[in-house]
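Student: Each chain, written out:
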Amino acid sequence: MDVQGLQMTQNTSAPGVYKRNPPIAGEAEAIEAAKNGDAEAFSKLYALHKRRVYTLCLRMLGNVSEAEDMTQEAFLHLFRKIGSFRGESAFSTWLHRLTVNLVLMHLRKKGLNLVSLEETINPSEEDAPKRDFGSRDLQLTGSVDRVALERAVASLPPGYRMVFVLHDVEGFEHNEIATMLECSTGNSKSQLHKARLKLRELLRQPELSNQPAGLKETAK
Amino acid sequence: MTSHKKPNSHANISCAEFQEQLPDLFAAGGNGLTEDTDLREHLKTCENCSALVRDLQYIADQASLLLQPTHEPSDNVWKRIQAEMDSERAQAAQPPLIPKIK
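As you go down the protein sequences, you meet chains A and B in turn.
Going letter by letter, the first sequence gives residues 2 to 221 in my numbering.
Going letter by letter, the second sequence gives residues 53 to 154 in my numbering.
The reader is advised that the hints may include incorrect statements.
Think about it this way: if two alpha-carbon atoms lie no more than 25 angstroms apart in a straight line, the pair counts; the simulated BS3-like pairs of lysine-lysine are [to be verified]:
id, chain 1, residue 1, chain 2, residue 2
1, A, Lys110, A, Lys36
2, A, Lys82, B, Lys131
3, A, Lys82, A, Lys51
4, A, Lys82, A, Lys36
5, A, Lys51, B, Lys131
6, A, Lys51, A, Lys36
7, A, Lys82, A, Lys45
8, B, Lys131, A, Lys36
9, A, Lys110, A, Lys82
10, A, Lys45, B, Lys131
So the derived label-pair ranges between C-beta atoms look like this [what the hints assert, rightly or not]:
id, chain 1, residue 1, chain 2, residue 2, range
11, A, Asp146, B, Asn128, 30 to 36 angstroms
12, B, Glu87, A, Asn176, 37 to 43 angstroms
13, B, Thr97, A, Lys111, 31 to 37 angstroms
14, A, Ser85, B, Ala68, 45 to 51 angstroms
15, B, Thr97, A, Gly84, 54 to 60 angstroms
16, B, Glu87, A, Met106, 21 to 27 angstroms
17, A, Ala48, B, Ala142, 32 to 38 angstroms
18, A, Asp146, B, Glu69, 33 to 39 angstroms
19, B, Gly81, A, Pro24, 23 to 29 angstroms
20, B, Glu99, A, Val148, 27 to 33 angstroms
21, B, Gln143, A, Val148, 42 to 48 angstroms
22, A, Ile25, B, Asp138, 40 to 46 angstroms
If you're looking for bench data, these hints aren't it; they were derived computationally from the structure.
Nothing here was measured: the structure is a model prediction, and the numbers come from that model.
Glycine included, every Cβ here is placed at the ideal spot set by N, Cα and C.
Let the hints inform the model, and build the full structure from the sequences given.
Tutor: Structure, rendered in structure tokens:
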């Protein structure tokens, strides 16, 4: 294997975040107008960001009803706090951080103690990824589409899913995740690694692609 | 001199030792590989660990596919947000209560 060519994923700080969340046409004007109480501008911001905020809530919570409630909370929080957005980061990054914090607060209120992440939401022995010192069967490269990955992510144990979504999908860095989840940076790195190992295991099972999506799209 | 190779080992470290380093190596963007010759050598010579690294990197790369939102909240969410915002605006527009002067 070409070691020099190996590019291990690392999130960079602000420029990387802007790369993931580039400014949207008309967004800056809508933000300024919404800060001045323009209801139409706020509805435009909702239209621009509702899908990503809702998808983030749904991935973190795995439940439609709770995800809708938290989407509502996130935008109401935005309505009350938009005046404090100073543009130091991309608006969507700011909004997603606000959303993540609200979801985590909600989970804590429900009694999920995120301080001891490993003890409370670490998976059982059978859910944990197996160590891989010998198998050389299926290679994943080029074989995974978005739907299969979405299903595999939905079936991850909650602690793994949380860190994978925050780091690999949303682009937060380990130190930010550690602050949000009130755990150590090392814990965040280790959870992410285990999440990727578990995903590899899940994605190598051909039957996974035939299973229904794990996110519960049930009616409210 | 007799070589004492560990089981499942390539170069000077075993697969277990290599894989223990992976969380930090990934977090550092692979920088540790360029500094550590044992790790580099192991990755070059161990087919299993190089496949593992390739797969994990692939999964991390594919995660960006999920950045595009695929789900949409029901229309009720916006209705509830609007109702709450209207109520808060109405409250804010009310004149403050003036205490009665005896």
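Student: So, for every hint listed, does it hold in this structure?
Tutor: Hints, one by one, checked against the model:
1. Taking the CA atoms of A/Lys110 and A/Lys36, the gap is about 30 angstroms. The hint is violated against a cut of 25 angstroms.
2. Simply put, A/Lys82 and B/Lys131 have alpha-carbon atoms about 20 angstroms apart, close enough for the 25 angstroms limit, and the pair holds.
3. Restraint check: the Cα-Cα separation between A/Lys82 and A/Lys51 comes to about 17 angstroms, which is no more than 25 angstroms; the hinted pair holds.
4. Distance check on the hinted pair: A/Lys82 and A/Lys36 sit about 9 angstroms apart at the alpha-carbon level, within 25 angstroms; holds.
5. A distance of roughly 13 angstroms separates the Cα atoms of A/Lys51 and B/Lys131; the hinted pair therefore holds under the 25 angstroms criterion.
6. Between the alpha carbons of A/Lys51 and A/Lys36 the distance comes to roughly 18 angstroms, so the proposed pair stays at or under 25 angstroms and holds.
7. Straight-line distance between C-alpha atoms of A/Lys82 and A/Lys45 comes to about 17 angstroms, which keeps the hinted pair within the 25 angstroms bound.
8. Proposed proximity of B/Lys131 and A/Lys36 is supported: the alpha carbons are some 20 angstroms apart, at most 25 angstroms.
9. Between A/Lys110 and A/Lys82 the alpha-carbon distance is near 22 angstroms, which keeps this suggested pair within the 25 angstroms criterion.
10. For a cut-off of 25 angstroms, the pair hint linking A/Lys45 to B/Lys131 stands: about 14 angstroms separates their Cα positions.
11. Taking the beta carbon of each, A/Asp146 and B/Asn128 are about 31 angstroms apart, inside 30 to 36 angstroms as hinted.
12. Distance hint for B/Glu87 and A/Asn176: a CB-CB separation of about 22 angstroms, inconsistent with the stated range 37 to 43 angstroms.
13. Separation of B/Thr97 from A/Lys111 is about 49 angstroms and departs from the stated range, judged on CB atoms against 31 to 37 angstroms.
14. Between A/Ser85 and B/Ala68, the C-beta spacing of about 49 angstroms keeps the proposed range 45 to 51 angstroms intact.
15. For the hinted restraint 54 to 60 angstroms between B/Thr97 and A/Gly84, the CB-CB distance of approximately 59 angstroms keeps it satisfied.
16. Against the hinted window of 21 to 27 angstroms, the Cβ-Cβ separation of B/Glu87 and A/Met106 comes to about 40 angstroms, which falls outside the hint.
17. For the hinted restraint 32 to 38 angstroms between A/Ala48 and B/Ala142, the CB-CB distance of approximately 24 angstroms leaves it violated.
18. Restraint check, A/Asp146 to B/Glu69: a C-beta distance of roughly 34 angstroms satisfies the suggested window 33 to 39 angstroms.
19. With their beta carbons about 26 angstroms apart, B/Gly81 and A/Pro24 fall inside the hinted range of 23 to 29 angstroms.
20. For the hinted restraint 27 to 33 angstroms between B/Glu99 and A/Val148, the CB-CB distance of approximately 30 angstroms keeps it satisfied.
21. For B/Gln143 paired with A/Val148, a C-beta distance near 45 angstroms keeps the hint of 42 to 48 angstroms intact.
22. Under the hint 40 to 46 angstroms, the C-beta atoms of A/Ile25 and B/Asp138, about 26 angstroms apart, miss the expected range.
Checked against the numbered hints listed earlier, the structure breaks hints 1, 12, 13, 16, 17, 22; every other hint is satisfied.
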